[in-house]
Every structure is written in C-alpha cells, then in structure tokens.
Amino acid sequence: MKQHRLAAAIALVGLVLAGCDKQASTVELKTPAQKASYGIGLNMGKSLAQEGMDDLDSKAVALGIEDAVGKKDQKLKDEELVEAFAALQKRAEERMAKMSEESAAAGKKFLEENGKKDGVVTTASGLQYQIIKKADGPQPKPTDVVTVHYEGKLTDGKVFDSSVERGSPIDLPVGGVIPGWVEGLQLMHVGEKIKLFIPSDLAYGAQSPSPMIPANSVLVFDLELLGIKDPAAAPAPGADEDDAAPAASAPAKK
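Per UniProt numbering, residue 1 is the first one in the sequence shown, and the count goes up by one each step.
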C-alpha cells in the first residue's frame, strides 16, 4: 500500500500544479517545470487508474498535499488513514479482479472464433498465426538476434505499439521476448509477414504491463521478419530497451 500512497501523492501534486477543477483553465504549461509537473500527474494518474484506483477525490488529496507542504496539522488520525487506504485498496482489487475475469473470458471467445477462420493456424501451445506474405529466407533460432517491424493491437483493433509508426524496425534476441513471440519468430522465414494472435498466457498473463494493455489480454501482432543478425548484436542485459520489445520477464510474474 506504500506504493499506492506514494503514487497518489505524486499524482495529485501534478493535479494541483495543473490546476485541478476550476483552476485548470488558468494554469500555464509553458516552462519545463510546469510541463514536467503536469506530466507527473498525468502518468501517475494513468497508473492509478490502471490499478483500479479511479475513485480518488482530487480535492481531498490536494488538501492533504497543501497541509503537508504548509506543515499544518493533519486533519485525520493515522489510524483513520490506514483504514481508508485498506478500504480503497480492497475496492480497487475487486474492480481489477472483475475486469481481469471479463478480459480472460473475452479473450477465450475471440481465440475460439478466430481459430475457425480460413488461413489461421493454431499451434499446440495455443498460439494462432496467419501467413500474410510468404518467403523462402532462413528461419531464426532461439539464440539469434532478428530485425523486425511490427504493430501490436488489442482484439478490438486498438494499436498499443508500432515500430511501423515510428518508422524504425528493432533488433531483438529471439529468446528474450514474450513466449508468443519466441514461438512465432521461429515459425517465420526472413522476408515473411505474419499475423500473430497471442493468448494471454503466452503474453503478459494476469499482469498489465501498461495502461494500454489490460490484464489477461489477447494480443494481435502484425510481424515482418526483416533479417537475422549475429547473436553478439543482442542488446546487453540491463541496457535501455525500447518499450516496444515485449520483454520475456514481464508476463505473468506473481
């Protein structure tokens, strides 16, 4: 709960600086400090919403920030705050559990129907793919580094990431991405384009890696294998990776 408390405080600092409620129209977002302050509030607010904590009272939190910054006496006892945090967390967990259950059911239904379509192949793992453009190039191994272009979508067609939009393909180690990619890449030949339909258990599982990807989401990727590089070209462990690469360590960690 300490993380929620910190996130809430930072988020509402952003809201205060951004002029929440009636003051919003009078606040300027011109200087780097003003823009950064707004960005902190925006990002943390999205993070809280992702965790199901979307019923915070911005006025009340702003009051708490003002009291703390102004070194005023707090208006509630610590015991009251602990009880309130616990209640808020409980409601958030209940909402997220319901959303996760609904997403899992929707994903299962999508894959069942999608697997019946012409050209869609379902593997033993449950991964589904459809070849869009065939090629006769070599196939990558788990130890290879590949160059790819891709676009990731949810089943409703909403794009959450795209190297195509950025205009720059990425290099990544075949064995260093989510399981659905690891399997899908090894099915491809250089020059091919395929569409991957990745079950949640081969993607990020019950975790939500970003506000753009809800927990238990089936992910759809348009993937083009542009080439295979030497394994030495793989990004070094701990290097600053582009958010686009679906990291293998992210899915379903508990």
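Since the hints were derived computationally from the structure, they do not count as laboratory data.
In this text the structure is predicted, and so the values were computed from the model without any measurement.
No residue lacks a Cβ here, since even glycine has one placed at the ideal position from N, Cα and C.
Keep in mind that the hints are not guaranteed to be accurate.
As the list claims (entries may be wrong) - Only pairs whose alpha carbons sit at most 30 Å apart, straight line, appear in this in silico DSSO-like list of lysine-lysine:
id, residue 1, residue 2
1, Lys108, Lys193
2, Lys193, Lys109
3, Lys158, Lys35
4, Lys134, Lys109
5, Lys71, Lys98
6, Lys109, Lys195
7, Lys109, Lys90
8, Lys108, Lys158
9, Lys98, Lys141
10, Lys108, Lys153
11, Lys98, Lys35
What the hints assert, rightly or not - Estimated spans, in silico, between C-beta atoms of each pair:
id, residue 1, residue 2, range
12, Pro138, Val82, 42 to 50 Å
13, Leu76, Ser168, 23 to 31 Å
14, Lys229, Val27, 44 to 52 Å
15, Asp73, Lys46, 30 to 38 Å
Original post:
Which numbered hints are broken by the structure, listed smallest first?
Top reply: 5, 9, 11, 12 and 13
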